[in-house]
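**Q** Letter by letter, the chains look like this.
2 protein chains.
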Amino acid sequence: MAKKEIPYKIYLDEHEMPTSWYNVRADMKNKPAPLLNPGTHQPMTAEELGGVFCADLVAQELDNDTAYFPIPKEILDFYKMYRPSPLTRAYCLEKKLGTPAKIYYKFEGNNTSGSHKLNSAIAQAYYAKKQGLKGVTTETGAGQWGTALSMACAYLDLDCKVYMVKVSYEQKPFRREVMRTYGASVTPSPSMTTEVGKKILAEHPGTTGSLGCAISEAVEVAVSTPGYRYVLGSVLNQVLLHQSIIGLETKAALDKYDVKPDIIIGCAGGGSNLGGLISPFMGEKLRGEADYRIIAVEPASCPSFTRGVFAYDFADTGMVCPLAKMYTLGSGFIPAPNHAGGLRYHGMSPVLSQLYDDGLMEAVSVPQTKVFEAAEQFARVEGILPAPESAHAIRVAIDEALKCKETGEEKTIVFGLTGTGYFDMVAYEKFHDGQMDDYIPTDEELQEYFQKLPKVD
Amino acid sequence: MAKKEIPYKIYLDEHEMPTSWYNVRADMKNKPAPLLNPGTHQPMTAEELGGVFCADLVAQELDNDTAYFPIPKEILDFYKMYRPSPLTRAYCLEKKLGTPAKIYYKFEGNNTSGSHKLNSAIAQAYYAKKQGLKGVTTETGAGQWGTALSMACAYLDLDCKVYMVKVSYEQKPFRREVMRTYGASVTPSPSMTTEVGKKILAEHPGTTGSLGCAISEAVEVAVSTPGYRYVLGSVLNQVLLHQSIIGLETKAALDKYDVKPDIIIGCAGGGSNLGGLISPFMGEKLRGEADYRIIAVEPASCPSFTRGVFAYDFADTGMVCPLAKMYTLGSGFIPAPNHAGGLRYHGMSPVLSQLYDDGLMEAVSVPQTKVFEAAEQFARVEGILPAPESAHAIRVAIDEALKCKETGEEKTIVFGLTGTGYFDMVAYEKFHDGQMDDYIPTDEELQEYFQKLPKVD
Numbered sequence: 458m459a460k461k462e463i464p465y466k467i468y469l470d471e472h473e474m475p476t477s478w479y480n481v482r483a484d485m486k487n488k489p490a491p492l493l494n495p496g497t498h499q500p501m502t503a504e505e506l507g508g509v510f511c512a513d514l515v516a517q518e519l520d521n522d523t524a525y526f527p528i529p530k531e532i533l534d535f536y537k538m539y540r541p542s543p544l545t546r547a548y549c550l551e552k553k554l555g556t557p558a559k560i561y562y563k564f565e566g567n568n569t570s571g572s573h574k575l576n577s578a579i580a581q582a583y584y585a586k587k588q589g590l591k592g593v594t595t596e597t598g599a600g601q602w603g604t605a606l607s608m609a610c611a612y613l614d615l616d617c618k619v620y621m622v623k624v625s626y627e628q629k630p631f632r633r634e635v636m637r638t639y640g641a642s643v644t645p646s647p648s649m650t651t652e653v654g655k656k657i658l659a660e661h662p663g664t665t666g667s668l669g670c671a672i673s674e675a676v677e678v679a680v681s682t683p684g685y686r687y688v689l690g691s692v693l694n695q696v697l698l699h700q701s702i703i704g705l706e707t708k709a710a711l712d713k714y715d716v717k718p719d720i721i722i723g724c725a726g727g728g729s730n731l732g733g734l735i736s737p738f739m740g741e742k743l744r745g746e747a748d749y750r751i752i753a754v755e756p757a758s759c760p761s762f763t764r765g766v767f768a769y770d771f772a773d774t775g776m777v778c779p780l781a782k783m784y785t786l787g788s789g790f791i792p793a794p795n796h797a798g799g800l801r802y803h804g805m806s807p808v809l810s811q812l813y814d815d816g817l818m819e820a821v822s823v824p825q826t827k828v829f830e831a832a833e834q835f836a837r838v839e840g841i842l843p844a845p846e847s848a849h850a851i852r853v854a855i856d857e858a859l860k861c862k863e864t865g866e867e868k869t870i871v872f873g874l875t876g877t878g879y880f881d882m883v884a885y886e887k888f889h890d891g892q893m894d895d896y897i898p899t900d901e902e903l904q905e906y907f908q909k910l911p912k913v914d
Numbered sequence: 458m459a460k461k462e463i464p465y466k467i468y469l470d471e472h473e474m475p476t477s478w479y480n481v482r483a484d485m486k487n488k489p490a491p492l493l494n495p496g497t498h499q500p501m502t503a504e505e506l507g508g509v510f511c512a513d514l515v516a517q518e519l520d521n522d523t524a525y526f527p528i529p530k531e532i533l534d535f536y537k538m539y540r541p542s543p544l545t546r547a548y549c550l551e552k553k554l555g556t557p558a559k560i561y562y563k564f565e566g567n568n569t570s571g572s573h574k575l576n577s578a579i580a581q582a583y584y585a586k587k588q589g590l591k592g593v594t595t596e597t598g599a600g601q602w603g604t605a606l607s608m609a610c611a612y613l614d615l616d617c618k619v620y621m622v623k624v625s626y627e628q629k630p631f632r633r634e635v636m637r638t639y640g641a642s643v644t645p646s647p648s649m650t651t652e653v654g655k656k657i658l659a660e661h662p663g664t665t666g667s668l669g670c671a672i673s674e675a676v677e678v679a680v681s682t683p684g685y686r687y688v689l690g691s692v693l694n695q696v697l698l699h700q701s702i703i704g705l706e707t708k709a710a711l712d713k714y715d716v717k718p719d720i721i722i723g724c725a726g727g728g729s730n731l732g733g734l735i736s737p738f739m740g741e742k743l744r745g746e747a748d749y750r751i752i753a754v755e756p757a758s759c760p761s762f763t764r765g766v767f768a769y770d771f772a773d774t775g776m777v778c779p780l781a782k783m784y785t786l787g788s789g790f791i792p793a794p795n796h797a798g799g800l801r802y803h804g805m806s807p808v809l810s811q812l813y814d815d816g817l818m819e820a821v822s823v824p825q826t827k828v829f830e831a832a833e834q835f836a837r838v839e840g841i842l843p844a845p846e847s848a849h850a851i852r853v854a855i856d857e858a859l860k861c862k863e864t865g866e867e868k869t870i871v872f873g874l875t876g877t878g879y880f881d882m883v884a885y886e887k888f889h890d891g892q893m894d895d896y897i898p899t900d901e902e903l904q905e906y907f908q909k910l911p912k913v914d
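Protein chains in written order, with the numbering used here: chain A, 458 to 914; chain B, 458 to 914.
Please keep in mind that the hints were generated in silico from the structure rather than gathered at the bench. A portion of the hints provided could be inaccurate.
As the list claims (entries may be wrong) - Calculated from the model, a selection of chain A residues having no Cβ within reach of chain B, i.e. all distances over 12 Å:
(1) PRO500
(2) ASN521
(3) MET538
(4) THR638
(5) TYR685
(6) ASP719
(7) ALA793
(8) VAL883
(9) HIS889
(10) TYR896
(11) PHE907
(12) LEU910
Stated by the list, open to error - Below are the SDA-like pairs computed for lysine to any residue, each with C-alpha atoms no more than 25 Å apart in a straight line:
(13) A:LYS530 with A:GLU471
(14) A:LYS530 with B:GLN834
(15) B:LYS586 with A:GLY555
(16) B:LYS553 with A:ILE528
(17) B:LYS887 with A:SER642
(18) A:LYS553 with B:LYS553
(19) B:LYS553 with A:GLY507
(20) B:LYS466 with B:ASP520
Every residue, glycine too, gets a C-beta built ideally from N, C-alpha and C.
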């Protein structure tokens, strides 16, 4: 049977867009371990979590059984502003590489936040609004999540307080200004506005901050300010649920043209993009309906999957958050200052951690100069300047495509292109000027952090 | 008859994409005045123009009769990387304004150059490559055109030399870095690399440059370097021809849903976007098949249509280029330093100038603080951070929609959203901090420039 000719970009029609999120936990035999109360080491109850998160989001966080959550109409309407996102056949890259592989990428950068983060930001803001809250607090590193949340909050007239890792606040003033355009207040972290910030500053006066530290501050403000809750852009089960829209659209677009991927590749920091992209494919794999090679790509400078341990750990530096069982480098771990771009969180989504531990997916780590080489190669033929995060997936997609060139295999490769690099030009400049290196943590360093992991029976 | 429900975003399928450019000159009764040799004041011949521009582009430039030019397959393939661009129904903006007007915008910012400029960049680079040239030279102001040309040249393995207005070069290092990612060489203008640059620097040692000056340098390098030609991102007839893809797609998308616009609005600097957007609509108007209100929007600080004169003028500061008959503020005019964003060229496309002079379109000028107010309002509900250029059109679209609110008229408004503002955050910051003002040139200042216009019989 003649297959339909595949266009450069596959767009779903509005009526073909998914109307439910898919919860991969429902199909997991080994469920992700529950969050634990950091004091008692008992599973966090809905009531306890409700002090930090909105009620509806707590319900989503704890629900390991419901496979599909209908997307509220208000969120669907917002999605229609920037979704469906295109699934692009990388014809030009294939040609340039001379590979028989067929490469597709799901591009999530065509919205002002510049990444997929908006998919969960609008959901979390919506439930906060629905609950009658005044506002939300959060942290941001590279700034994609903070921008996304600012956009969602502006749309819903919700107050938005962002704690931005100090080094990013200073090096990325434009990101900060985008958030201001959307009406958010942005505070460099650690700051003197919180107890935990003061404590960290007293202990490490010159610190340029970390995600774990910014999380602690944002949580403190949320739990101590009436009418506020905390929201998080990655790691959590609820975030993977919202981000499943990426994978569902990808699968619907591929199905339209009867395409079955062999390999699915995503970059992995906390796991929001990877988890979302692979969800429906992993679901098929878990149900025994199909098989796919699924590859998580992480920076060699922050290698939680490939060099971390699978254990309960603190989600934040201030140790105010629940404990999560995940692949982790230890909550004190901060990537070396030479590390560009995001993917700098010390841990990994508990869902993905469990799937990885169960052998259902692979992980590789890549040095950043090789990542930027791939980024530039991709930009020049596919016309999109990728975020450094996304370029991790590009690197491995190109590597797999080159393997196909050697073997002559016509594999179908799908990868997630999470966003654009407009605010990462300092990193590109370093790369062009030969100022970028590939420092990776030593085993000794990592051991030091592992020894500080909390003891959980 | 029940009309089809209109989605948030109308995408054409790949097979619905236009395959020819439309040349509005073919339907103009009064053709645009020819370019003149600056020495003899005689119309430039194809041979004379061929020293500056590629042969195929010269043919397009001079052809006032052919209505449709088939788009070469190589260009169509490149278009498919980032086109069709979406035509978006601004449901959220309409709701926020409480207007009965129906607002649509054609968004050209979903490619890495961040604007519509890529549509002509790839065409001009393609014809240069076809002619066997080694490379092209150009100027760039805000950097959108330079970025677009760099992308096109990288794709075709063509050398690209960009002269960037010095003030932008210094204030927009990230733009510069994007061009470098695409392999272009970028020189701040005026520079010591050209005779005209040296002359301007000798006369005005502290100058921060202007578009007219950068054009002179780029032209000098093109005509004096074997295997090089000059390319330009706006003003020229050929550019409007290539940019007609914007209007053709817009019309095809509207036709799909039986929508007839009442008002079409575009920002106008040199006229590349406006000319492209309105082309097919203006064609219908010229042929008496339909009527539309067409509005050009320009900055109050650089008001060539609304306060300029319709006369032959130099296209560049160094006076090395042909003379063009256009609405102009005089080739020595440079907008005040407080002017943010593009739309800073002293003249206007000869095609649009003729159409405006013939009463076939209107023009309004708007102060920049009002432009940024509109930009922010738009960003908060439509989710796209607009370029300051594009925000000029947003301003007037909102104003027209608010008039409809008063009168109760359900007018259909279409405007061109040319690009994104990622590299304009310094301007947004000024706006947020109340540091932006609305200086406009006095009549006396303008008179001074008018008196220096060349005398052409």
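**Q** All hints, please: hold or fail.
**A** Okay, the hints, checked on the actual structure:
Distance check for A:PRO500 against chain B: the nearest CB is about 38 Å away, which clears 12 Å, and the non-interface claim stands. Annotated as non-interface, A:ASN521 keeps its C-beta farther than 12 Å from every C-beta of chain B; the closest such distance is 33 Å. In this structure A:MET538 is not separated from chain B by more than 12 Å, as the shortest Cβ-Cβ distance comes to only about 5 Å. The Cβ of A:THR638 sits about 6 Å from the closest Cβ of chain B, inside the 12 Å cut-off, so the non-interface label is violated.
Consistency note on A:TYR685: stated as away from chain B, and its beta-carbon is indeed over 12 Å from all of that chain's, at 21 Å minimum. Residue placement check: A:ASP719 keeps its beta carbon more than 12 Å from all beta carbons of chain B (closest about 24 Å). With a closest Cβ-Cβ approach of about 23 Å to chain B, A:ALA793 is found to remain outside the 12 Å limit, as its non-interface label requires. With a closest Cβ-Cβ approach of about 8 Å to chain B, A:VAL883 is found to fall inside the 12 Å limit, against its non-interface label.
A Cβ of chain B approaches the Cβ of A:HIS889 within 12 Å, the least distance being about 5 Å, so the stated non-interface status is violated. Under the 12 Å C-beta cut-off, the non-interface status given to A:TYR896 relative to chain B holds; the minimum distance is some 23 Å. Residue-level check passed: A:PHE907 sits 38 Å from the nearest beta carbon of chain B, beyond 12 Å. Every CB of chain B is more than 12 Å from the CB of A:LEU910 (nearest about 40 Å), matching its label as outside the interface.
With a CA separation close to 13 Å, the supplied pair A:LYS530 and A:GLU471 stays within the 25 Å bound. At most 25 Å may separate the alpha-carbon atoms for a hinted pair to count; A:LYS530 and B:GLN834 meet this at roughly 23 Å. At roughly 22 Å between alpha-carbon atoms, B:LYS586 and A:GLY555 fall within 25 Å of each other, so this suggested pair holds. This hinted pair checks out: B:LYS553 and A:ILE528 have alpha carbons roughly 23 Å apart, not beyond 25 Å.
This hinted pair checks out: B:LYS887 and A:SER642 have alpha carbons roughly 17 Å apart, not beyond 25 Å. Between A:LYS553 and B:LYS553 the CA atoms are separated by roughly 46 Å; this puts the pair beyond 25 Å, and the hint is violated. Our distance criterion of 25 Å between C-alpha atoms is broken by B:LYS553 and A:GLY507, whose separation comes to about 32 Å. Under the criterion of a C-alpha separation no larger than 25 Å, the hint pairing B:LYS466 with B:ASP520 is inconsistent with the structure, at around 35 Å.
Taken one by one, the earlier hints fail for this structure at numbers 3, 4, 8, 9, 18, 19 and 20, listed in ascending order.
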